[in-house]
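Following the hints, complete the assembly by docking chain B onto the known chain A.
If you read the protein sequences in the order shown, they are chains A and B. Residues 173 to 270 in my numbering are what the first sequence lists, from first letter to last. Residues 1239 to 1388 in my numbering are what the second sequence lists, from first letter to last.
One thing to keep in mind: the hints can contain errors.
Computed cross-link-like contacts, DSS-like style, restricted to lysine-lysine with a CA-CA straight-line distance of at most 25 Å [stated by the list, open to error]:
id: 1; chain 1: B; residue 1: Lys1278; chain 2: A; residue 2: Lys221
id: 2; chain 1: B; residue 1: Lys1278; chain 2: B; residue 2: Lys1319
id: 3; chain 1: B; residue 1: Lys1295; chain 2: A; residue 2: Lys235
id: 4; chain 1: B; residue 1: Lys1242; chain 2: A; residue 2: Lys214
id: 5; chain 1: B; residue 1: Lys1295; chain 2: A; residue 2: Lys224
id: 6; chain 1: A; residue 1: Lys224; chain 2: B; residue 2: Lys1278
id: 7; chain 1: A; residue 1: Lys235; chain 2: A; residue 2: Lys206
id: 8; chain 1: B; residue 1: Lys1312; chain 2: A; residue 2: Lys221
id: 9; chain 1: B; residue 1: Lys1319; chain 2: B; residue 2: Lys1242
These are calculated hints, taken from the structure and not from any lab test.
One-letter residues, chain by chain:
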Amino acid sequence: MNGRKSMGGGRGRSGPGQAKGDGQQRRPMFRRRKVCKFCADKIDDINYKDTKLLMGFVPERAKILPRRISGTCALHQRRLRIAIMRARQLAMIPYTGE
Amino acid sequence: MNRKYELVYIVSPDATEDQVAELHGQVEAVVQRMGGQLEKTENWGRRRLAYEIGRHKEGNYVLDVISGSGELMKEIERRLKVYDTVIRQLIVRVDEAELVSERRRSTRTESSRRRRVARGLPADRQPGEGQRSEFDDDRDDRFEVGEDLR
Chain A
173 MNGRKSMGGG RGRSGPGQAK GDGQQRRPMF RRRKVCKFCA DKIDDINYKD
223 TKLLMGFVPE RAKILPRRIS GTCALHQRRL RIAIMRARQL AMIPYTGE
Chain B
1239 MNRKYELVYI VSPDATEDQV AELHGQVEAV VQRMGGQLEK TENWGRRRLA
1289 YEIGRHKEGN YVLDVISGSG ELMKEIERRL KVYDTVIRQL IVRVDEAELV
1339 SERRRSTRTE SSRRRRVARG LPADRQPGEG QRSEFDDDRD DRFEVGEDLR
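Looking at chain A on its own, in the form it has when it is part of the complex (with noise of 0.2 Å):
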């Protein structure tokens, strides 16, 4: 469950030259580890209809969020690009925010 974020701490700073203390400090900062949500949940077919499951992976800016943050796998995100862009079309899902 709490395993630890695979790259986490400080990404790209913190370099092997750079001061131990430094790094010290940011160790504890332990993340929940991010699973898919498609492959928890069992989600086989991310369906551009279902505007309630899409609408958790485009925030206000309505930017697709990345997998970086989502956690979703490559192929979950994939087909999830492709269910929120068709949602898009339909103006289920907004092209942008505010």
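For chain B alone, coordinates are given in the frame of chain A:
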């Protein structure tokens, strides 16, 4: 070639019930004439649009599930484009996607059954056993949106 398609079209909110019905009749007629089959029709009624289309803020959504040829869908699309009461339409082919998810589902249940039998349990999950069902939704495992989005 029989394929399955989903057609969703949005009828302008100014259109009367009769106009919506007439439009549906048109679709049905084309389907019939070109040897297709109308498998299901759903009228979602009036819904708010996520953005304005033209000057409309609402629309009547109609979903049709049609099996037939690509030619048929082409014809329907062409016809719907003619009507100015139709403000948006989408045609999606669904048979292949359905097949794939069906297959995935069956392999999954099968393998879970196999594993259960190997553990000496009855093949199917008993009521009240195991994790929560998909219906209780109190476990909010969604990502935190506070993180950097860029």
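Results of checking the hints against the structure:
{"no.": "1", "hint": "B/Lys1278 x A/Lys221", "verdict": "holds, 15 Å"}
{"no.": "2", "hint": "B/Lys1278 x B/Lys1319", "verdict": "holds, 22 Å"}
{"no.": "3", "hint": "B/Lys1295 x A/Lys235", "verdict": "holds, 21 Å"}
{"no.": "4", "hint": "B/Lys1242 x A/Lys214", "verdict": "holds, 24 Å"}
{"no.": "5", "hint": "B/Lys1295 x A/Lys224", "verdict": "holds, 19 Å"}
{"no.": "6", "hint": "A/Lys224 x B/Lys1278", "verdict": "holds, 22 Å"}
{"no.": "7", "hint": "A/Lys235 x A/Lys206", "verdict": "holds, 20 Å"}
{"no.": "8", "hint": "B/Lys1312 x A/Lys221", "verdict": "holds, 22 Å"}
{"no.": "9", "hint": "B/Lys1319 x B/Lys1242", "verdict": "holds, 21 Å"}
Hint compliance for this structure: no hint is broken.
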